[in-house]
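Engineer: Can you join these two chains into the complex? Each is in its own frame, and there are hints to help.
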Amino acid sequence: MVLEVRDLRMRYGTTDVLHGVDFTAGPGEVVALLGPNGAGKTTTIEILEGFRLPSDGHVRVLGVDPATGDEAWRAKLGVVLQSWRDHGRWKVRELLHHLGRYYAPYSTPHQTRPFDTDELIETVGLTEHADKKIGKLSGGQRRRLDVAIGIVGKPELLFLDEPTAGFDPHARRDFHDLVHRLSDLEGMTILLTTHDLAEAEKLADRILVLAGGRIIADGSPDQLSRQVAGKSEIRWTHGGQRHVHTADDATAFVRDLFRQHETGISELEVRRSSLEDTYMALVQRHESGQAKEEVAVL
Amino acid sequence: MNPTVHGARLGMERGLREFRHSLGSEDQIFNMVVAIAFVTVLWFQRDSDVEAAGVTLAALTLPSMLGMSVAFGGLVGPAGQLSLNREDGTLLRAKAVPHGMVGYLVGRTVQTSLDIAFGLLVILVPGLFLVNVLSDAGAGGLLALLAVLALGMLSTLPWGAVAGSISRSPGSAMGITMLPMMGITAISGIFYPITALPGWLQGLAQVFPVYWTGHGARAALLPDSAAAAEIGGSWRILEMVGVLGVWAVVGFLLAPTILRRMARRESGAEMEQRRQAALQRVR
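Protein chains in written order, with my numbering: chain A, 1 to 298; chain B, 1001 to 1283.
The shape of chain B in the complex, shown without the other chains (with noise of 0.2 Å):
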């Protein structure tokens, strides 16, 4: 039995466990506020349609909205739990357990995967009632959307991880992924089209992976009439894995050696001052 493959199986288990801890917590509170928030989004904009598109703009915005969710799950959902997990010790105990720390990083990209997909599926089964965008599709549009999807998860997981690695606590962590995220949603495109912007904006919304992750998932899921109303008219295939594989690559380069000068300077010395920090924050 190779240790370090067994560390990783167990990872695999340490993944799907957490992930079922959380289907029956209060995390599924936050999932059912957004899957409520978009479809309300959805339900406005199911009779306004958009001319150059030959579709509503419902059907635009759903297919957005799943390239969206993969961008943010990606990167808030690591950074998140790792700098929880920095201090409340999870950490720690992994690196005190034989290939714990590959365990815990297995468990982490699995829990994180799992946690993006069902997140996709509270948006997608109730806003397909709304505009069915999967009916014309057809299988081979679910599979190139799901091909979008996972490289969208590559371009943004290790960002999310560095993110995780770098800030002091939890909450420093949401904000310097959380507000960029939010900034960079709103001018990508997601809830109405791009080109409404003006051009300066359309340039800087290109350069990160949100705007990708939505055009992909418009060009698997609509008609190729519907290309008219992005950037140029066309769908983009080449430009959307070029940039988003830029993103993948390097986060990838570069986030192993910030995971591991994080893992070690991991001690019960530098924990312990985390959490006095959190208590003089919760009082």
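Bound conformation, chain A alone (with noise of 0.2 Å):
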């Protein structure tokens, strides 16, 4: 396993953030934690990261507890950090060349380190602003330098924090691509934290939906969709009057109905209700405290 987390717990003061969280990722797994805000998703990859400690759990990174993780094994991570106005005035690449050397020492033959440095300025699109200075780069473009900041020594294992925050929906496909490249090419292991469904359906093999410093549900988006698929809302109109129901199997309802009125239904709907609907209900119903202690393991 390349991420192991059993029974994690943070508190800060008196509040618990996090309150026994479980998962595990295996080599080559692109994993997303999907979270409502304030739900414990930043201190999590914090702590994996080795950022944060832990108020109490099991955590293994590659193998090794965070908290005692040396230099050999944070060069195996890369982290994405948001960044502001660091290194504003260096250029494009100079940063990137400076940066990727500090991983020179930890190259092996299975696995040379780091990216070629114009090789990896042209994977991030930045290949036009190389000679820019770092301060003066757009949004977008500072954020594909800190995604290449974070790969440049071609990590085992890499994070992602909220990575397209602020991102276009253009600059958001393009982020997209390259996360599949370095899964699919390099056979990175990549957790990433986002609050938009969407993002984690296209990108992740498997969601982890935390909430109130849970995991609530865990499974692939195949898995999750399909358990969402049961519950359907029919609407139709019969003998004037306008009806609304949810069912598992929307079907056997439908075909029930016929059965029962085979003429005088009339603007008939079938809404199978979408992934962010559960999403929605499982966080919602977490939220409320119903399944305080219930995970939905898919």
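Possibly wrong hints are sitting among the right ones.
To be verified - Partial selection, computed: residues in chain B whose CB lies under 10 Å from chain A:
| id | residue |
| --- | --- |
| 1 | 1090 |
| 2 | 1091 |
| 3 | 1092 |
| 4 | 1099 |
| 5 | 1100 |
| 6 | 1255 |
| 7 | 1267 |
To be verified - Only some residues are given here: those of chain B computed to face chain A with a beta carbon under 7 Å:
| id | residue |
| --- | --- |
| 8 | 1003 |
| 9 | 1010 |
| 10 | 1088 |
| 11 | 1096 |
| 12 | 1097 |
| 13 | 1098 |
| 14 | 1275 |
If you are wondering where the hints come from, they were derived from the structure by calculation, not from laboratory data.
Glycine included, each C-beta is placed from N, C-alpha and C at the ideal position.
Structural biologist: Here it is in structure tokens:
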């Protein structure tokens, strides 16, 4: 297992932020940690990155406890930070080349490190801006540079915290392509946090829904969809009256409906609830406290 | 290839690059303002003789300015940069890279040293046109000056790092270094012989590095007769080494622990909080 988290707890003062988070991730998996703001996503990822000490629990990242991880361990991780205005006077190529060289001592015949600077610049689509000062980059270009810095050491495991916050749709699609390429070509294991379900669905092999400091659902986007597919909304008009019904098996319900009323049914609508509806329902149910102890294992 | 040594080497390169970046930037406006102000002071002092010392007031002030600049740059420079780098995320990046912290610290030290050296030249070169203190001092005096300035830097640098680690924002880092430093400079006999001050102020000034870096620089460059204007009428080299040495030793004992604690606490969430605070300030 690349990531192993058992009963992870975090408490700030008297507030519990994480109440026993459990999950694992295998090599090459892309896992999305999905949840509303304040659910504890950033706290979780920072504990895994070794930037924050947990209050309790068992955590192994590439087989090492992040609290005691050394520099050789650190060299196998990539962390994509949200830059703001650091290194504003450095040029794009200059900084990438400089930071990449810290990984050179950790190069092995099996995995050469770091990435070739110009190749990497091309991968993230910054070739035109390679000699630009970082302070002069646009927001989207800066985020691409953040990703480039995160992967410059060819990590085995990459952490992305809210990677597309503030992206326009085009930049977002480019970024999604990049993540696919990294996991397919380089075999990187990727853990990303997002509060955007569509993004999680697009990128991840597996989605973990984190709400109220717990993992409340864990499964592939497909499994999540299928679970939800059962609950559909059916609307129809009969005898001038509008009806609404929610059913697990919409097809059977409608067949039944027509058997009962051979004529007189009009304005029939069947709407499968989207993944988003399930997600909202899951989070809402959890936040209202109905699902305190139950974890939906799909 | 030892990765720690490799990181340190990258840090030296980092320091050189950052110094080069700063040479072509608006940082130099500050250097120019300082140079103009100091040369103006020397200009007004060029004809006033200090009877006891047998030299002009300007000849006393130029070495004192060099000493003060080192102490100032050693404290205020790293404090400001460190707190700024905590706010802007440079430090977090260093933390995310193997041996990045080693590189960062070496880089900061190299850059601060070069900054200070450059700042000294900016004062010294125009100053020499008004008072040629170097011609009397000779090569020995110049070497002695370099030794004093190096010791002065060692005595303040770790304290600058401590101030940058404990402050909550670049503004407060400036506040806790700049203001005390200005007060200390005012009583340290930099722009006027300290013997003109009341005794208790003289005593207080001798606790801090600024007086001693100024004293050491004067001792290195001025003729022995000029010692007559000093406290006790002589150069006190041992005392200078003692006071600056204590500041350096205590600083270097304290700074690593405080730096490590600060670095351990750095996280994206912490930085985001500082970013929000900074954005509030800008608005």
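Engineer: State for each hint whether it applies.
Structural biologist: Each hint tested on the structure:
no.: 1; hint: 1090; verdict: holds (4 Å)
no.: 2; hint: 1091; verdict: holds (9 Å)
no.: 3; hint: 1092; verdict: holds (6 Å)
no.: 4; hint: 1099; verdict: holds (5 Å)
no.: 5; hint: 1100; verdict: holds (6 Å)
no.: 6; hint: 1255; verdict: violated (21 Å)
no.: 7; hint: 1267; verdict: holds (4 Å)
no.: 8; hint: 1003; verdict: holds (4 Å)
no.: 9; hint: 1010; verdict: holds (6 Å)
no.: 10; hint: 1088; verdict: holds (4 Å)
no.: 11; hint: 1096; verdict: holds (4 Å)
no.: 12; hint: 1097; verdict: holds (5 Å)
no.: 13; hint: 1098; verdict: holds (4 Å)
no.: 14; hint: 1275; verdict: holds (5 Å)
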